[in-house]
Amino acid sequence: MSSGNMNLTLKIWRQKNVSTAGKMVSYQVTDISPDMSFLEMLDVLNEQLIQKNEEPIAFDHDCREGICGMCSLYINGRPHGPGSGITTCQLHMRSFKDGDTIIIEPWRAKAFPVIKDLVVDRSAFDRIIAKGGFISVNTGSAQDANNLPIPKHDADEAFNSAACIGCGACVAACVNSSAMLFVSAKVSQLSLLPQGQPERKQRALDMVHQMDVEGFGSCSNTGACEAECPKGISIENIARLNREYLIASLTEKEPKKGSGDN
Amino acid sequence: MSKLDSKIPDGALEQKWTSYRSTVPLVNPANKRNLEILVVGSGLAGSSVAATLAEMGYKVKVFCFQDSARRAHSIAAQGGINAAKNYQNDGDSVYRLFYDTIKGGDYRSREANVYRLAEVSGNIIDQCVAQGVPLAREYGGLLSNRSFGGTQVQRTFYAAGQTGQQLLLGAYSALQRQVGLGSIQMYTRHEMLELVTIDGVARGIIARNLITGELEKHFGHAVLLCTGGYGNVFFLSTNAMGSNATAAWKANKKGAFFANPCYTQIHPTCIPVSGDHQSKLTLMSESLRNDGRIWVPKKKEDAEAIRAGKKKARDLAEDDRDYYLERRYPAFGNLVPRDVASRAAKERCDAGFGVNATGQAVFLDFQYNMKEKYGRSEAKKLDIANPTDAQLKELGKNVIKEKYGNLFDMYKQITGVDPYEEPMQIYPAVHYTMGGLWVDYNLMTTVPGLYSLGEANFSDHGANRLGASALMQGLADGYFIIPYTIGAYLNTEVSRMSAEKAKADSIDKLKTQHPAFDEALKNTQAHIDKLLSINGTKSVDHFHKKLGKVMWEKCGMARNANGLKEAIEEIRAIREEFWKDLRVTGTANEYNPELEKAGRVADFLELGELMCMDALQRNESCGGHFREEYQTSEGEAQRDDANYSYVAAWENKGNGQFELHKEILEFKAIKVAQRSYK
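Same order as they appear, the protein sequences are chains X and L. The opening position of the first sequence corresponds to residue 1 in my numbering, with each subsequent residue numbered one higher. The opening position of the second sequence corresponds to residue 1 in my numbering, with each subsequent residue numbered one higher.
Hints in this document: simulated from the structure, not taken from any laboratory. Certain hints may be false.
[Unchecked claim] Below, a sample of chain X positions facing chain L; criterion: calculated Cβ distance under 7 Å:
id, residue
1, Met36
2, Leu45
3, Glu47
4, Gln48
5, Asp126
6, Ile129
7, Ala142
Quick reminder that beta carbons are idealized off the backbone N, C-alpha and C, glycines included.
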């Protein structure tokens, strides 16, 4: 029951660390079951490598159910591989055929340097959130939750934007390595809700500023980010961010360097 | 003499927290700036406590092994979070949530802690909404609720099937805000490998930078372990791949007692195992039991035909189906607590009625509610007089999709089967661990200055946790309990600091220069070197899978004395083999996931044995701990209150020796009774 009948050739990016050049290396895996997830297939390969006393492939993963955003992988030229609306850990080998050659690379973006093999550093996203991806409310100062009715439609729309898992597929998919979908999803969620209004303008300015500091590229509206987003975050968020940013630039005073003080 | 002082405040149950909270010593703002707090883990408990303590003015460092605080496994919680708001006007109250939780935990938790949890539950919802967490709402704009197992009210708040994600992102945003303000220093891709104690008091940690492999010393006036549960002892569980017990286990070795390790929650509705390649199991939210009916065939020959692929679920007439939960527990039906539902599934499968190829699965079927409940009501709304079967299904499907769409998609993605057409196949899997580090009412462990929050502690769920209560507890501990209770200890630290001000070699001056840090670092390095120097032939996963198999078969859903004794011997043998024949590739001074796993599995191999020892000493059945020798004639768990109404807290004496300490549980507000959901 465990083993299947698929034999595959894998071409995988190997890179020792950030300061060493990397290269593609070919591997063969055999007896792969169509019920395996893509990451389980890599587990099989790693077990083989360990048996041969070679170093296993380093790749990021954790929850393996498509929600933590830790797994990445650029598979056959697509973030999270073939199929839409899923992360790599939700990709199953039944999406491939016996005899296939699969090319596996890390996210490629200036703002996401490679740590090792397929593992990249996405801490730029955390720094963007730290600049404004929040509502400044200290613990203990909240009113009763139902004192603030929010139209279901607005709440649902905010939820749709909030569903972003911060995996970085949008950046990996983009020819310019733009982080606009990620940033716009957070800006949208908070600007759609009444709680987010007081900091609305400053938030847009500060988050966009940090995005630029991190070295992400500009948005040229190709829509690749939306197409590859495992959570179906809509490009409408980017349109909203552009409006938010424009209005904020025209009406808000000097953008502060660090925002969010109490 | 017992070393356990639970420090439960005096007074009536309803007044304990209010009066304690108002009298607990405060730390003045100037002193807070001089107090450093280390938070290990960034899930709901870790993120919420770190953000709150930083807001209060403390200097905070946060450590997580993932690449961002937002990845912690709280993110994967699907169904919801309980709170006694009574927004639905269905008779809910603080007392009722308290009562349900104590009863759900099979009378093996502390009254005072659970009452406090119920009391602060409402504040959590207020706080999260204020942060912009988009919880589900009704058309009137107010918050929506649903039911979870073990309750008869609707008190579960949710955000589709992604409640944990939304709550964690709320806490994460509060945390990142403090990072931006410079009040929190964040250490991602760092793993705590040792607790540093000086004269028995927690003073810091040794953490490994997972990218460079460097070992770092960090000083703190208090150390907060928010490191989650130990379900990965079983190898296969719904936990994340990286979830581990190392921080808690190292703490146990340094004097923090480990309580009730045998209390493991086996969640009834998970996607069944498909093969040996399986790396983890995926939960299907308990919320599905609101609308899904659980059944197996009534006749064995039907079950056999289904297993052989000769029949399908749809081929069986209504009369040929055994809705065994509705049959056995008419009052709660499909919404019985998790332990009861899991055991009932195992009972049917063991009896030969299981439905997938392995015989280890039951059906979770939505057809009835899809057509009869939602389809009819939608048809009525649209004035369709005599809806056809197909119409009913189509209309109902849309409602089901709105409620559980992402779960249905997830199921289809993993199994390749469309659950709108075929019933889901589910089987129980390890999901949560009620046991954890023993803590007092302040959430302090038996090591002064060392606290434990969330799933990592043992405090609130007794022998079985109710659905949607993990998120509640993690956030209660972090947002609303520690920020008060930690003052009781830090206040004494302030006095000590001022008394030792003139001392040239005071802890506060030396900090990580203290020899205890060098000693701890040396030991950690030696442990790593030992793992790397075995140069055996078997991978870490080989041993982990072996351990998991023993645990699942002998310390899983049902246990007995013989099996547990065997398990202890088998685990010892695996451990011995591990230290003789393990192969860890790579080196210590680089990013090396195999080395990380090796350290975690080394600890699981010790904790697993303690779990079996704990299960063996508890000669009763309660909640998630089901000893086959102790059951009623109807197959229900048979408690022994006269002899086992205690918390079992294990002191690690070194060299695999443990001493059992007992904290006797007293019930004053609640009448202890045989748990019944019939």
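Hints and how they fare:
1. Look at X/Met36: its Cβ gets to within about 5 Å of chain L, closer than 7 Å, so that hint holds up.
2. With a least beta-carbon distance of about 12 Å to chain L, the hint placing X/Leu45 at the interface is violated under the 7 Å criterion.
3. Annotation: X/Glu47 was flagged as interfacial toward chain L, and the flag holds, the nearest CB pair being 6 Å apart, inside 7 Å.
4. Here the hint on X/Gln48 is broken, as its CB sits about 10 Å from the closest CB of chain L, past 7 Å.
5. Contact between X/Asp126 and chain L, as hinted, is supported at the beta carbon level, the nearest pair being about 5 Å apart and thus within 7 Å.
6. Given hint, X/Ile129 at the interface with chain L, holds; its Cβ is 4 Å from that chain's nearest Cβ, closer than 7 Å.
7. With its C-beta approaching chain L no nearer than about 4 Å, X/Ala142 sits inside the 7 Å limit, and its interface hint holds.
Hint check: violations occur at hints 2 and 4; the rest are consistent with the structure.
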